[in-house]
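Undergrad: Taken in order, these protein sequences are the chains called A and B. Position one of the first sequence corresponds to residue 1 (this note's numbering), numbered consecutively onward. Position one of the second sequence corresponds to residue 1 (this note's numbering), numbered consecutively onward.
Hints are supplied without guarantee of correctness; some may be wrong.
Stated by the list, open to error - Below 25 Å or equal to it, Euclidean Cα-Cα: the simulated DMTMM-like pairs (lysine to aspartate or glutamate) are:
1. B:Lys202 <-> A:Asp99
2. A:Lys105 <-> B:Glu182
3. B:Lys179 <-> A:Glu148
4. A:Lys96 <-> B:Glu182
5. A:Lys105 <-> B:Asp206
6. B:Lys234 <-> B:Asp206
7. B:Lys179 <-> A:Asp179
8. B:Lys179 <-> A:Glu93
9. B:Lys179 <-> A:Asp92
10. B:Lys234 <-> B:Glu174
11. B:Lys179 <-> A:Glu100
12. B:Lys146 <-> A:Glu148
13. B:Lys202 <-> A:Asp78
14. B:Lys179 <-> A:Asp77
15. A:Lys105 <-> B:Glu229
16. B:Lys202 <-> A:Asp77
17. A:Lys96 <-> B:Glu132
18. A:Lys96 <-> B:Glu186
19. B:Lys179 <-> A:Asp99
20. A:Lys32 <-> A:Asp179
21. B:Lys13 <-> B:Asp100
22. B:Lys202 <-> A:Glu106
23. B:Lys179 <-> A:Asp78
24. B:Lys179 <-> A:Glu106
25. B:Lys202 <-> A:Glu100
26. A:Lys105 <-> B:Asp231
27. B:Lys202 <-> A:Asp72
These are computed hints drawn from the structure, not numbers from a lab.
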Amino acid sequence: MTATPVYIVCSPRPQAGKTLVARLLSEFLLLKDGTVVAFDINLKEPSLLDYLPGITETAEIDDTYGKMQLMDRVILDDGIAKVLDLGFHAFDEFFKMSDEIGFLKEAARRNIAPIVLFLASPDRVSARGHELLRQHIPPSQLIVVDNEYVVRGELPLAWARGRLLSIGALPTFLKTYIDRQNFSFTDYLRQEKDSSTELHEWIRKSYLSFRDLDQHLVLLRS
Amino acid sequence: MAKPAVIVVGADKGGVGKTTVSRTLLDYFNANNVPTRAFDTESPRGTLKRFHPDITEIVDMTATPDQMKIFDTLNTVSPSVTVIDVRAGLMSPSLAALRDIGFLDAAKNGQITFAVFHILGSSIASLDEIAETANFMTGAKYFLVKNFINNTSFFEWDQATYASYFHRIKDATELTIPKLNEMAYEQVEVASVPFLKFVANKGSHDQAANYSFVLRGYVRHWLANVWSEFDRIKLTEIVGSSKMGARSDEK
Numbered sequence: 001m002t003a004t005p006v007y008i009v010c011s012p013r014p015q016a017g018k019t020l021v022a023r024l025l026s027e028f029l030l031l032k033d034g035t036v037v038a039f040d041i042n043l044k045e046p047s048l049l050d051y052l053p054g055i056t057e058t059a060e061i062d063d064t065y066g067k068m069q070l071m072d073r074v075i076l077d078d079g080i081a082k083v084l085d086l087g088f089h090a091f092d093e094f095f096k097m098s099d100e101i102g103f104l105k106e107a108a109r110r111n112i113a114p115i116v117l118f119l120a121s122p123d124r125v126s127a128r129g130h131e132l133l134r135q136h137i138p139p140s141q142l143i144v145v146d147n148e149y150v151v152r153g154e155l156p157l158a159w160a161r162g163r164l165l166s167i168g169a170l171p172t173f174l175k176t177y178i179d180r181q182n183f184s185f186t187d188y189l190r191q192e193k194d195s196s197t198e199l200h201e202w203i204r205k206s207y208l209s210f211r212d213l214d215q216h217l218v219l220l221r222s
Numbered sequence: 001m002a003k004p005a006v007i008v009v010g011a012d013k014g015g016v017g018k019t020t021v022s023r024t025l026l027d028y029f030n031a032n033n034v035p036t037r038a039f040d041t042e043s044p045r046g047t048l049k050r051f052h053p054d055i056t057e058i059v060d061m062t063a064t065p066d067q068m069k070i071f072d073t074l075n076t077v078s079p080s081v082t083v084i085d086v087r088a089g090l091m092s093p094s095l096a097a098l099r100d101i102g103f104l105d106a107a108k109n110g111q112i113t114f115a116v117f118h119i120l121g122s123s124i125a126s127l128d129e130i131a132e133t134a135n136f137m138t139g140a141k142y143f144l145v146k147n148f149i150n151n152t153s154f155f156e157w158d159q160a161t162y163a164s165y166f167h168r169i170k171d172a173t174e175l176t177i178p179k180l181n182e183m184a185y186e187q188v189e190v191a192s193v194p195f196l197k198f199v200a201n202k203g204s205h206d207q208a209a210n211y212s213f214v215l216r217g218y219v220r221h222w223l224a225n226v227w228s229e230f231d232r233i234k235l236t237e238i239v240g241s242s243k244m245g246a247r248s249d250e251k
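Just chain A, same shape as in the assembly (with noise of 0.2 Å):
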């Protein structure tokens, strides 16, 4: 039977494009499978819930009653992928949990397939992060997310080694059309006539590299 995936999209950073990736990966999964559950662990960046607010719940993880609400719901083999768009403010207590909770060894006892998607930018504490996840995570879990838009090809030759996602860089204009609270990538693509804009192009490509990793990640397990 096929593992229940959880994406944790992740950075340390601000800014780094987190939920813009979240969004994606929901609206793609939304497409692919009809049902999606995504968690939004922010405090003041632009909220997954203001963009997804059908399918997006609330966390926080600041208290063991939050933990508990969060990670027993994600913990379910209910064959319903999840997103999770952790705040940056939340990365280190979010990991420092899963390792002693005992996570990834309670995932694997349960079915449930999580994947650590980190946005990275050139800087130390992305640097740091990236470490930390690297020491806990097993490389087939951890992929690397080159937003074109925040790593401007800057991205450490280290972290090119191991899986990378790719998410193009927009033009100002159209990342401003984007990031309006109505918009819809799915919905965008269904109405679009042409799909050779600009526009058209990035969301395919972006819901292809999601697919792609779906993919692999199937393979992996079977």
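Since the structure of chain A is provided, determine the placement of chain B on it from the hints.
TA: Only chain B this time, still in chain A's reference frame:
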């Protein structure tokens, strides 16, 4: 039959986590396949018995019939390891009673393995209890336990003073019980199951339970740290048992 081993867990005051430590000991021996029995001296209702009902009896350590129940059977019953959770404030009187019945002499002569886990309180009065206990420790193993489970702040007194008390007992060893998440601890209390069963998501009769994965994880992590302390002092060797195969948490 293996040489009988008796472990006394005591404290000079209540609320320092004495019964919690007793519970971790019973779980440790269980996981290491060391048959153990326990006596709970919080007569009449008991506290330890609530968590380990199958192997625990409630006794009154001041009553002769109950003293006979514990000590007259040391050489004749299996299991060979006995854990006695002594009521708070009664450790010195209990040790005096053991001296009076010749138990401490038997320990000194090597007929019985005797160990004391003294759970330290945070007040300076606890240091006096160490001094009192020292009188009974010849031939016994003495473990001074700092229990941080509820974030107690200890030892604000002068370290030299503490050391002077600690070193009154030959071969005394310090153990540290780390802090456990409060909610996790509370849930185990509510469930009234051993820590091991809580981690395994089982009820008191081994039925499947529905405890929080997060809280079970915290307890598992904490228990592993506690047991690493017991491993460090080679507790299974002290009680005369060799580990039989992999421990249940290592499987």
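Undergrad: Each hint should be assessed against the structure and marked as holding or not.
TA: Hint check:
1. The hinted pair formed by B:Lys202 and A:Asp99 meets the criterion: a straight-line CA distance of about 23 Å does not exceed 25 Å.
2. Simply put, A:Lys105 and B:Glu182 have alpha-carbon atoms about 23 Å apart, close enough for the 25 Å limit, and the pair holds.
3. Pair hint B:Lys179 plus A:Glu148 does not hold up; C-alpha atoms about 44 Å apart against a cutoff of 25 Å.
4. Annotation: proposed proximity of A:Lys96 to B:Glu182 holds, straight-line Cα distance about 17 Å (limit 25 Å).
5. The hinted pair formed by A:Lys105 and B:Asp206 meets the criterion: a straight-line CA distance of about 22 Å does not exceed 25 Å.
6. As the CA atoms of B:Lys234 and B:Asp206 are separated by approximately 29 Å, the hinted pair breaks the 25 Å bound.
7. With a CA separation close to 45 Å, the supplied pair B:Lys179 and A:Asp179 exceeds the 25 Å bound.
8. Taken as a hint, the B:Lys179 and A:Glu93 pair is honoured in the structure, with Cα atoms around 17 Å apart against an allowance of 25 Å.
9. At most 25 Å may separate the alpha-carbon atoms for a hinted pair to count; B:Lys179 and A:Asp92 meet this at roughly 20 Å.
10. For the given pair, B:Lys234 sits about 13 Å from B:Glu174 by alpha-carbon distance, which is consistent with the 25 Å threshold.
11. Straight-line distance between C-alpha atoms of B:Lys179 and A:Glu100 comes to about 13 Å, which keeps the hinted pair within the 25 Å bound.
12. Restraint check: the Cα-Cα separation between B:Lys146 and A:Glu148 comes to about 53 Å, which exceeds 25 Å; the hinted pair is violated.
13. With a C-alpha separation of about 22 Å, the suggested pairing of B:Lys202 with A:Asp78 holds against the 25 Å cut-off.
14. For a cut-off of 25 Å, the pair hint linking B:Lys179 to A:Asp77 is broken: about 31 Å separates their Cα positions.
15. Of the pairs offered as hints, the one joining A:Lys105 and B:Glu229 holds, with about 23 Å between alpha carbons and a cut-off of 25 Å not exceeded.
16. Of the supplied pair hints, the one linking B:Lys202 and A:Asp77 holds, its CA atoms being roughly 19 Å apart against a limit of 25 Å.
17. A hinted pair counts as satisfied when its Cα atoms are at most 25 Å apart, and A:Lys96 with B:Glu132 does not qualify at roughly 43 Å.
18. In summary, the hint linking A:Lys96 to B:Glu186 is supported, as the alpha carbons are separated by about 22 Å, within the 25 Å threshold.
19. Between B:Lys179 and A:Asp99, the direct Cα distance comes to roughly 17 Å. Compliance with the 25 Å bound is thereby established for this hinted pair.
20. With a C-alpha separation of about 23 Å, the suggested pair A:Lys32 and A:Asp179 falls inside the 25 Å cut-off, and the hint holds.
21. At most 25 Å may separate the alpha-carbon atoms for a hinted pair to count; B:Lys13 and B:Asp100 meet this at roughly 23 Å.
22. Taking the CA atoms of B:Lys202 and A:Glu106, the gap is about 16 Å. The hint holds against a cut of 25 Å.
23. A C-alpha spacing of about 34 Å is found between B:Lys179 and A:Asp78, which places the hinted pair above 25 Å, so the restraint is violated.
24. Simply put, B:Lys179 and A:Glu106 have alpha-carbon atoms about 23 Å apart, close enough for the 25 Å limit, and the pair holds.
25. This hinted pair checks out: B:Lys202 and A:Glu100 have alpha carbons roughly 20 Å apart, not beyond 25 Å.
26. Proposed proximity of A:Lys105 and B:Asp231 is supported: the alpha carbons are some 23 Å apart, at most 25 Å.
27. At most 25 Å may separate the alpha-carbon atoms for a hinted pair to count; B:Lys202 and A:Asp72 meet this at roughly 17 Å.
Of the numbered hints listed earlier, those contradicted by the structure are 3, 6, 7, 12, 14, 17, 23.
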